[in-house]
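Trainee: Mind assembling these two chains? They're in different frames, but the hints should get you there.
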Amino acid sequence: MTSPLFFVPPPAWTADERSVAAAIHAARGDLSADRPATRTSVLIIRDTVARRLARRGCRLSSLSTGSDRDVWTLHRTDGGVLATETLSRHPAAFGDDLPTGPLRAHLEELTKGRALQSIIQIGLTERTVALRDRDGKIRSRLVFTTATTDDGATESDLTVKPLKGYERDTQRVQERLADALGWAVTETPAVDRLLAAVGDGSRTAPAAENDIRPDDPAGPAMREILSAQLDVMEDRLPGVLADRHPDYLHQFRVAIRRTRSALSQLGDAIALEGRTEAIDGFRWLGRITSPVRDLDVQMMDLAGRRKRMEGDPHALDALERHLAELKTTAHRDLVLDLSGSRFRSLVLRWRDTLSPSSANWTATETLRAPFAEIVSARAAKLLRKVLRDGRKIGPETDAEKLHDLRKRMKKLRYVTEFLAEVLPRDRSKPAIKALKGLQDVLGRVQDREIQVEALHGYGRVLSEGGDGDAETLMAIGAWTEELDSDRQAARAEFADAFEVFAAEQTQALFHDIFGGKRQLRRRKED
Amino acid sequence: MRILASYNIKGGVGKTAAAVNLAHVAADRGHRVLVIDLDPQGAASFYFRVKPKVKGGGKGLVGGKRDLDDLIKETDYESLDLIPADFRYRNLDLMLEAEKKSTSRLRKLLRPLSADYDVVILDCPPSVSLVSEAVFEAADALVIPLIPTTLSLRTYEQLEEFRMEQKIKKLKLLPFFSMVDRRKALHREILETFPKSHTNTLGVPIPYASAVERMGVERQPLTAFAPRTAVAGAYRALWDAVDAATG
Numbered sequence: 001m002t003s004p005l006f007f008v009p010p011p012a013w014t015a016d017e018r019s020v021a022a023a024i025h026a027a028r029g030d031l032s033a034d035r036p037a038t039r040t041s042v043l044i045i046r047d048t049v050a051r052r053l054a055r056r057g058c059r060l061s062s063l064s065t066g067s068d069r070d071v072w073t074l075h076r077t078d079g080g081v082l083a084t085e086t087l088s089r090h091p092a093a094f095g096d097d098l099p100t101g102p103l104r105a106h107l108e109e110l111t112k113g114r115a116l117q118s119i120i121q122i123g124l125t126e127r128t129v130a131l132r133d134r135d136g137k138i139r140s141r142l143v144f145t146t147a148t149t150d151d152g153a154t155e156s157d158l159t160v161k162p163l164k165g166y167e168r169d170t171q172r173v174q175e176r177l178a179d180a181l182g183w184a185v186t187e188t189p190a191v192d193r194l195l196a197a198v199g200d201g202s203r204t205a206p207a208a209e210n211d212i213r214p215d216d217p218a219g220p221a222m223r224e225i226l227s228a229q230l231d232v233m234e235d236r237l238p239g240v241l242a243d244r245h246p247d248y249l250h251q252f253r254v255a256i257r258r259t260r261s262a263l264s265q266l267g268d269a270i271a272l273e274g275r276t277e278a279i280d281g282f283r284w285l286g287r288i289t290s291p292v293r294d295l296d297v298q299m300m301d302l303a304g305r306r307k308r309m310e311g312d313p314h315a316l317d318a319l320e321r322h323l324a325e326l327k328t329t330a331h332r333d334l335v336l337d338l339s340g341s342r343f344r345s346l347v348l349r350w351r352d353t354l355s356p357s358s359a360n361w362t363a364t365e366t367l368r369a370p371f372a373e374i375v376s377a378r379a380a381k382l383l384r385k386v387l388r389d390g391r392k393i394g395p396e397t398d399a400e401k402l403h404d405l406r407k408r409m410k411k412l413r414y415v416t417e418f419l420a421e422v423l424p425r426d427r428s429k430p431a432i433k434a435l436k437g438l439q440d441v442l443g444r445v446q447d448r449e450i451q452v453e454a455l456h457g458y459g460r461v462l463s464e465g466g467d468g469d470a471e472t473l474m475a476i477g478a479w480t481e482e483l484d485s486d487r488q489a490a491r492a493e494f495a496d497a498f499e500v501f502a503a504e505q506t507q508a509l510f511h512d513i514f515g516g517k518r519q520l521r522r523r524k525e526d
Numbered sequence: 001m002r003i004l005a006s007y008n009i010k011g012g013v014g015k016t017a018a019a020v021n022l023a024h025v026a027a028d029r030g031h032r033v034l035v036i037d038l039d040p041q042g043a044a045s046f047y048f049r050v051k052p053k054v055k056g057g058g059k060g061l062v063g064g065k066r067d068l069d070d071l072i073k074e075t076d077y078e079s080l081d082l083i084p085a086d087f088r089y090r091n092l093d094l095m096l097e098a099e100k101k102s103t104s105r106l107r108k109l110l111r112p113l114s115a116d117y118d119v120v121i122l123d124c125p126p127s128v129s130l131v132s133e134a135v136f137e138a139a140d141a142l143v144i145p146l147i148p149t150t151l152s153l154r155t156y157e158q159l160e161e162f163r164m165e166q167k168i169k170k171l172k173l174l175p176f177f178s179m180v181d182r183r184k185a186l187h188r189e190i191l192e193t194f195p196k197s198h199t200n201t202l203g204v205p206i207p208y209a210s211a212v213e214r215m216g217v218e219r220q221p222l223t224a225f226a227p228r229t230a231v232a233g234a235y236r237a238l239w240d241a242v243d244a245a246t247g
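Going down the list, the sequences are from chains A and B. Residue numbering for the first sequence follows our numbering, beginning at 1 and increasing consecutively. Residue numbering for the second sequence follows our numbering, beginning at 1 and increasing consecutively.
Don't take every hint at face value.
Unchecked claim - Computed footprint of chain A on chain B; a stretch qualifies when at least three of its residues, placed anywhere within it, have a C-beta under 8 Å from a C-beta of chain A:
#1 38-52
#2 73-86
What the hints assert, rightly or not - Calculated pairs, EDC-like style, for lysine to aspartate or glutamate (alpha carbon to alpha carbon, straight line, at most 16 Å):
#3 B:LYS51 with A:ASP133
#4 B:LYS108 with B:ASP69
#5 A:LYS307 with A:ASP317
#6 A:LYS381 with A:ASP512
#7 B:LYS51 with A:ASP135
#8 B:LYS196 with B:GLU157
#9 A:LYS161 with B:GLU74
#10 A:LYS164 with B:ASP76
#11 A:LYS164 with B:GLU78
#12 B:LYS51 with A:ASP169
#13 A:LYS164 with B:ASP69
#14 A:LYS392 with A:GLU499
#15 B:LYS73 with A:GLU167
#16 A:LYS161 with A:GLU126
#17 A:LYS161 with B:GLU78
Since the hints were made in silico from the structure, they are not lab data. A virtual CB, placed ideally from N, CA and C, is assigned to each residue, including glycine.
This is chain B alone, in the form it adopts within the complex (with noise of 0.2 Å):
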């Protein structure tokens, strides 16, 4: 079972569109997959159309009185499951805290998992806390959406430097580039310069797409409503990517 974490300390950049599009196409595959919503906002439940609620909220999630399986909601999508979000994971950082071995909590949780699914996939809050360090202890791989500026660059470097220090060599770091806009000058320099000095880069850029935007409308994956544009096109492509850096 791999587990890839979708994350960024930077809110806004493609996260939750990536998670759950991604999902959507891996399970198209052929693989089984889940997705867990640990964003208090719930914006993955949103799309799948899953209410944000989960019995007990974060105690329920990490206090180890619920079974992880009574938690899962099956979506709309064939081989596709969702633990939805809860806004009570707001207090998450706090739950983890009272928790003994509190950053391995996660990893222990998703381990029986391994039997019923091939990929999990956590959706994450835009955050740098203990619910991240659990994350970090847990994935296989950080799928990262970056857009192309300095600031968001500088965020992925902020983010190795942190992984080198806490020596969690076996996690994989994935930066993509996301809404990407190739009229600007500075994103075109970017998608060029950045690779360069990080192979690690999915060569796979998200373009900025209307589409991307109406998936609040159509409460779906773009990949699912909207399959033949470009955009859905570059998911697919970007999770083939993720395929091949962790398979």
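The following block holds chain A by itself, in its conformation from the complex (with noise of 0.2 Å):
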């Protein structure tokens, strides 16, 4: 069947009674037509907070009609469905809470693990009119659309809905409107023509791809760098203040490491005024964010938990109820912080730093120095701390060196993606996959042991508190169980793990993008 066609109404038509009833006149023929049907429905576009979705040029869409199924729709954004499906109303998190699907598997290679949010709302109002011929049966539909977003925003269209098998009373109705009502005709529906007014989020997100070239002066690269995770900041706080996910808090928090991170590693090189007190200023930062992160790390540590549980999960149930009263009280005071007046002149001073008049990003010969030869060469030397203490590390070695081994590789990590920035992604993808991989068992070595510590803790308040019964300290008991025969696993695999990290396939990646000058000057659209 060929593209519909969209008759745009002009802006003073209205869709009442007497408006419809014209079109309907002008449209049918010598086909009679049936009392407009009218549906009302939500659609509610939904993306990560980064806009994962709509980067990758997807849209995803779920249609509330007022059952209790809602249709979920996965589009490319230059046409066509990559998967559709009705579910519960319940509204998914994750690409994982689906059901198993081709939805699923999409969601999950998109957006890779990130919580999905609902991003724009437009209610739909649909008058449909079937067409019928003289033995009842329906030709072709008549639909009036009317496409409004919460604050207002809207778009109208009348569309013939063609039938299979019926496409020449389609066209006919068709060129009936087309001649009666002189409207403007579009293939682009209301929905569309209204995403594309106010915008679904297709615009790059703070922290996304910028302009920076590896030959770029230093300062204003990083300046650029740093402004941008100040954007993110911004971006996800007033989800941050309301609780609206975890995953606002988590974005809140990378780019409060990776500021930290740009300025303790890269600060000295570029001599940056106010240094010291920005430093201080978000370690500040990074101190008050952790409880609240950590109990939501322990939360949604639990809902897995659960699922892997031998026995009643509702064993865990109290556990539960004590970690979201500890959340609720540190949310409370995270709000209180970050409402208060040393964050706002955190963030005043902070932007005005990064101003790009500012004198601080160009005044000496290392901030007019290339970028990637700065950042790389930190980068190296870190690389080198990382393999000389990494290699010290036997099976016997205290859980303190692995521990600081971690947080090396994680300062490694940031001034590794601040590199990757300026890079292709196809150089800098395989070195930074090779860092998480280490990274991972290293997490898992010392995560898993704070959990057991903080589960411990718990397990006691509960019992003092009289709160925890038999069968609650014995599901947690068992998960302490599998956290730390998990931690044992991680030691084990450690030393096997460096050596892969360490191996000369794996150092050639960095050698890659750590390189000599010649290879620094290979650009991005290489």
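Mentor: Encoded structure:
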């Protein structure tokens, strides 16, 4: 079937009874028209906080029509449906909350575990008129659509919905409408025109790709990267304050860590004025956001544990309630801090420091040196330290040394990611993947230890407070056993994981991106 | 894609009512359904208000010169399409006979539809012919309405024998009782005894109901214009039984 056409009414036109009746009369010819049937629905465009779907040319929508099931559709924005599924009303927060199928498979790949949020909500009103022949058979349908956003932006149109096998009828109705109404005609439906007008999130979100080149002066390049981190923090802040979803705080903290890393790893190279003050401020931010983040992670881990555990998953209900109480208190404290003058003045002063007109960013020779050269030198130095420290770790080495190595690897990872901002993805991605591989093993060693300790603490509190019955304590005990077992497994895996990381083949990935001047001059466009 | 055929050698047993109502229920349950009206009487097409005309007639259907997709008409019901009948199908046997590998022709024609449809329901003419052999080869299951009388059961036995002789093992036979009048002792007796020896019998009898006859007046599936009647409920339960037996 050919693409449908959409007749766009003039601005003054409204879908009142008389106007609709006039349009029907113009369209129907010798067909009879049913009374209009009106359907209202809500279309929600969903994406991750960082707009991963939009940036990859996709759009996810859910359409609610009043029943307890919604139709979820994943489109390509240049046309075509990748997957569609009818799901029960409870919105999925993650791709893997969905039932197994093509939609879930696509979303898991596109979102990489990031949470889905409601980005735009559009109210749809569709008035459908069936046009019938003498036998009463529907030959064509007219659909009057009005799409409206929450803040009142609206688009309308009239379309002739084709029926398979009755294409000629559709064409005749369209011709009659074109002759009688004189409205503009488009192939773009009202919803798409509305999204184009208000924005569907496909503009790049903060911390997206930038225009920095490897040879650009280091100062302005760092300024741009740091500005992007501050943009991310400001963008996520309302979601953090409202506790909309853990992903908001997670992204907020990633921006803090990247800022701290830039300040501490590269700040001395570029001799940034006010650096010490900024480092203190962002260290404070990292500290005040930790309790809520830790509790978010614990609650997500608890949800995961419930799915895996044998026995009654309700045995962990008391623990969940306890964590929720702790989270409420921690979040309240966080909101106070983020609403206070210290945070406000930190952001204002930092924004001022990041101003393009500030002399901070071009004052010295180092600031004017090529960005990639400065960052690569620092990254190469960190890599040497990681290799040196890693080689010293044996089966009997104290856990503290692994934690120190993990911290150093985090610094290396952030600096490598700064460099990745100016390199083609296919060059930087393998190196970052190699870093993540070893980091994951180290992470499991440390995180499981912390989790076990935390769970023991919660168990004691619940027991002393009378909220932890035998079943709860046994469930917590079983969970700590699982975590400790994984910690030991990770510890045993470290040697092999480090060997792979230190191997010539893996190190070649880093030499490629930290390498000589000739390689660094390769542009992003290559 | 499942291919079901509403079939019986005898006429007037409720084949078309079953085909049309089962198709409507299946579509309502979320399946993409295509009904193919193979009966030159065109009753299914009549119920769906689609003119019984196919370009090229029977040759148009089986001759291979037209894509089946070109013959499909959307009905008034979501996810439910129809290839209408044509009176020229009265010569379908002859047209099939003229084709090479005549009995497998229909199966080949239907195969490409699997991308667009989950269920195909064939409304078959009451006959034993090349058309019915082609249907047996194409279908996954025959849904067989039986009026609970002795003669009706006899035709079923003949069908079972034919299936054994032709060795069409993959073809499921799913008999169910149609136009049941529980006031009649014979009906009650057969409803009780037949399933004991024929365990493939679907356990949902369709009662005799004037609402079924009203389909010809309303020109709609009964499950569309009288959804709250007991007979509509029976057709819904019948679909569930067919779905379970073939899913």
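Trainee: Quick one: which hint numbers does this structure break? Sort them smallest to largest.
Mentor: none
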